[in-house]
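Got chain A; can you put chain B on it based on the hints?
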Amino acid sequence: MMNARDLLRSRPEGLCCPKAGFFIDPTRPVERALITHGHADHARAGHGAVLATRETLDIMALRYGPDFAGSVQEVNLGETITLDGIRVTCHPAGHVLGSAQIAVEADGMRIVASGDYKRAADPTCAPFETVPCDVFITEATFALPVFTHPDAAREIERLLTSLQQFPERTHVVGAYGLGKAQRVIALLRAAGYRKPIYLHGALEKLCHYYEGAGVALGPLRPATVEEKDAAPPAGAIVIAPPSAIDDRWSRRFADPLACFASGWMRIRQRARQRGVELPLIISDHADWPELTQTIQETGAGEVWVTHGREEALVRWCELNGIIAQPLHIAGYEDEAE
Amino acid sequence: MERFAELLDRLVLTPSRNGKLRLMLDYFAGVPDPDRGYGLAGLTGGLDFPAVKPAMLRTLVMERVDPVLFDYSYDYVGDLAETVSLIWPAGAEAGAPSLTEVVERLSTASRSDAPATMARLLDQLSPSGRFAAIKLATGGLRVGVSARLAKQALASFGNVDVQEIEELWHGLAPPYTALFAWLEGRGPKPENAAKAPFRPVMLSHAATETDFAALEPADYVAEWKWDGIRVQTVAEGEVRRLYSRTGDDISGAFPDLVDAMDFDAAIDGELLVGDPRERTGTFSDLQQRLNRKTVSRAMLRDYPVFVRCYDLLVLDGRDTRALPFLERRKLLEDFVGTLPADRFDLSPLVPFERWDELDDKRCNPPHPVIEGLMLKRKDSAYLPGRPKGPWFKWKRDPFTVDAVLMYAQRGHGKRSSFYSDYTFGVWSGPQDDPALVPVGKAYFGFTDEELRQIDRYVRENTIERFGPVRAVRADREHGLVIEVAFEGLNRSTRHKSGIAMRFPRVSRLRWDKPTHEADRIETLEELLDENRAKRAVAGNRPESALRT
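Going down the list, the sequences are from chains A and B. So that you can map any letter, position 246 of the first sequence is 1117 in the working numbering, and since no number is skipped, the others follow by simple counting. So that you can map any letter, position 350 of the second sequence is 1516 in the working numbering, and since no number is skipped, the others follow by simple counting.
With the rest of the complex left out, here is chain A (with noise of 0.2 angstroms):
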């Protein structure tokens, strides 16, 4: 069987495959880029050739603009394509929209790269599918066992729940532009919220594409408008990017009641140290019951961590047996939500 770092092994670029050329979710320009998912940190603009999913590549190219790469290879789920003998196949991740795993194979070693991944369904995403693997690597970022996150709906009725004690407050809520924004309003959704919904202009694109890919998110309106009688009244919802929600962006609404869509809403002093009033603990990142339940249904032998927490993954996998380590690769932002 292959040594599993002759298949893969970090380099300053990135998660490298020395034997096909490629890298995983590169974090420099590179010649050929697999990539895991749209968020800016895993895929960059100004490689030679990407192979990604459709969402993917579409979602890159929405924000880099067409000429975001040298070319483009659409890759589908679950279909396996051979670079230079290694067979490479992606599988859903959960994450966001078009978000895979990748799993490289040859000579009998499997090594899967799952990128980011959640377990918890999603209305916007297909679900995470498990793949068997020898080595399975896998993000940290909610990697400490504080980290359980609650039900997606319990935190959205909690947020009606508020719009209903203070419906003279406009609920700004922060949430990431890419998966977060549109989850979020999928959920409002499901729970029979109908009212319009308004958004920032950062967030337009991606919702419009969102629906364009057969993601309903029922009626969208721009939230900062010239004409008056178009503002969002006292006690709509509106989505924004989390570095707006307490800037001078918001200054603009009723009495703005400031939300947060995260992960990190767990934590109370995080709230409180951004001015949220009303956390909402919903995340597009496994949590710890996740992350060690992956582990342990992947069958790996060896554990590769990134980015994140990785020291309390790597005791976990310790504890139970299972060769781990940390892949120390730069450039990965720590707040990915």
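It should be emphasised that the hints constitute simulated quantities derived from the structure, not laboratory data. One thing to keep in mind: the hints can contain errors.
[What the hints assert, rightly or not] Only some residues are given here: those of chain A computed to face chain B with a beta carbon under 8 angstroms:
1. Tyr935
2. Phe939
3. Gly941
4. Leu1015
5. Thr1019
6. Gln1036
7. Ser1121
8. Ile1138
9. Gln1140
10. Gln1144
11. Val1147
12. Glu1148
13. Arg1180
14. Glu1181
15. Glu1182
16. Arg1186
[Unchecked claim] Examples of chain B residues lying across from chain A (beta carbon under 10 angstroms, computed):
17. Thr1180
18. Leu1235
19. Tyr1238
Cβ coordinates follow ideal geometry from the N, Cα and C atoms, glycine included.
Frame of chain A, contents of chain B only:
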């Protein structure tokens, strides 16, 4: 329990008073008896479970969690109760206990079975519920709600005056079912059968320049306003109680005073440190005695307390509140003469004939622990609350200092997009190479327009960021000078400058003033050393005249 936990989670992050009131009101309206009554008891500090200790929680969690993973988590979260509540392994979800069950189980637990009781509760609750249970069990919810604010929410809920609730409060006990029945119009007003009850305090309005034209000096008496805390000293039969002005029973922290309360009366007065025959201590002396659960012998010796008496509400079972002030005053003078002279004295009246004469006395008080004057109509009855007209307070002018803006922090709620909390400093160190040392923080005293101006200034002159805080450019040539008004100074070991300001606020923005002309630390230290001798700061610096 989950409803109460959610209430706590919301309260702690809701900055506005009205928002907190709404959350509590909804809780009282939406939660049935007896749960809401225990919730009220939790908010007002009326629950005590001495069997549960924080160290016990640590032991419990260590039996269940890998210590290395616990340490990583605790380092990250930073709060023991929160870490335990989040890391506790989820148990079987069935049968989450109500708040009432939680209170019953905790209050019947003995020291020996408390760990098992607590562990079982934590097994049954959600992370949020666990946090609430731990906070309840170990005391101190710390959600930014005073007992007074909770009572205010009750008053709004029942559409009654908050004083009615304060007056009843000490005759009531959790879960307050009779109180809620009355507030919902389903039952009679509970009678306060408790001895030595609290009577709502009479408060005053601040006198403004325009008031005096309409006021006749001959209708009023004046007395000094002392800088301690307003208290009500009540003894009836065997019961002796010392109440704060909002009706909180603070007797436990003042056994020296309670021992001397051998009478049947209710006295309104000022709690101060010292011996009234020799020495009246400062507010910072008094702070040594405030908010303590136990008092050491050294504390009693070094910081004895006494009451400077203002008014008499009850004497030998007779309610005197309806009498005119002068008649009450006569009774008070005779009565105080019979009390132990080391624990009680009379607040002296300040003779005057004209307002300008009194103003002169106000500006030159004879004692540093005086913060101004009280004016009381000679015929005024003792009324609850803050009636307009009979009583005025006329405070001494604040001190001011010219300081330089050093850091700005984002505000909360409506001000969350503004840099609205300002840390300011004064010059310190050698004359030829001075540096700014922070001396305080102010977050009000400016108009909305001024807030917008400072916000813009902060954003354009940021030199460094620390989360929600920005460091603002401030050196000998650049920076914004703020005239800060404050009520006094205390020595502080917590602040680098060694000084803590009382009630600092922005008095004026000095866009015109170069930073090198701002004050030096010595100016404040002199003021501190002189123990607030009259207007020391202003006397040294004619260019920053006192505001009136």
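A quick look at each hint next to the structure:
1. Against a cut-off of 8 angstroms between C-beta atoms, the interface hint on A/Tyr935 is violated, since the closest Cβ of chain B lies about 28 angstroms away.
2. Interface hint at A/Phe939: violated, since its Cβ lies 31 angstroms from the closest Cβ of chain B, which is beyond the 8 angstroms cut-off.
3. Residue-level restraint check for A/Gly941 is violated (minimum Cβ-Cβ distance to chain B is 38 angstroms; threshold 8 angstroms).
4. With a cut of 8 angstroms, the hint placing A/Leu1015 at the interface with chain B holds, because the nearest CB-to-CB distance is about 5 angstroms.
5. Given the 8 angstroms rule on beta carbons, the hint for A/Thr1019 holds: about 7 angstroms separates it from the nearest Cβ of chain B.
6. Because the beta carbon of A/Gln1036 sits about 6 angstroms from the nearest beta carbon in chain B, less than 8 angstroms, this interface hint is met.
7. The interface hint given for A/Ser1121 is met, as the beta carbon of that residue sits about 6 angstroms from the closest beta carbon of chain B, less than 8 angstroms.
8. Residue-level restraint check for A/Ile1138 holds (minimum Cβ-Cβ distance to chain B is 6 angstroms; threshold 8 angstroms).
9. The interface hint given for A/Gln1140 holds, since its Cβ lies 6 angstroms from the closest Cβ of chain B, which is under the 8 angstroms cut-off.
10. The beta carbon of A/Gln1144 is positioned within 8 angstroms of a beta carbon in chain B (closest approach about 6 angstroms), and the interface hint is therefore held.
11. With 8 angstroms as the threshold, the beta carbon of A/Val1147 comes within range of chain B, its nearest partner Cβ sitting at about 7 angstroms, so the hint holds.
12. A least Cβ separation of about 5 angstroms between A/Glu1148 and chain B falls short of the 8 angstroms threshold, and the interface hint therefore holds.
13. Checking A/Arg1180 against chain B by beta carbon gives a least distance of about 7 angstroms; that is within 8 angstroms, so the hint holds.
14. Here the hint on A/Glu1181 is broken, as its CB sits about 11 angstroms from the closest CB of chain B, past 8 angstroms.
15. Because the closest C-beta pair between A/Glu1182 and chain B is about 7 angstroms apart, less than 8 angstroms, the hint holds.
16. Because the beta carbon of A/Arg1186 sits about 5 angstroms from the nearest beta carbon in chain B, less than 8 angstroms, this interface hint is met.
17. For B/Thr1180, the interface hint holds, the least distance from its beta-carbon to any beta-carbon of chain A being 6 angstroms, beneath 10 angstroms.
18. A least Cβ separation of about 5 angstroms between B/Leu1235 and chain A falls short of the 10 angstroms threshold, and the interface hint therefore holds.
19. Interface restraint check: B/Tyr1238 against chain A, minimum CB-CB distance 5 angstroms, threshold 10 angstroms, status holds.
In this structure, the hints that do not hold are numbers 1, 2, 3 and 14, in rising order.
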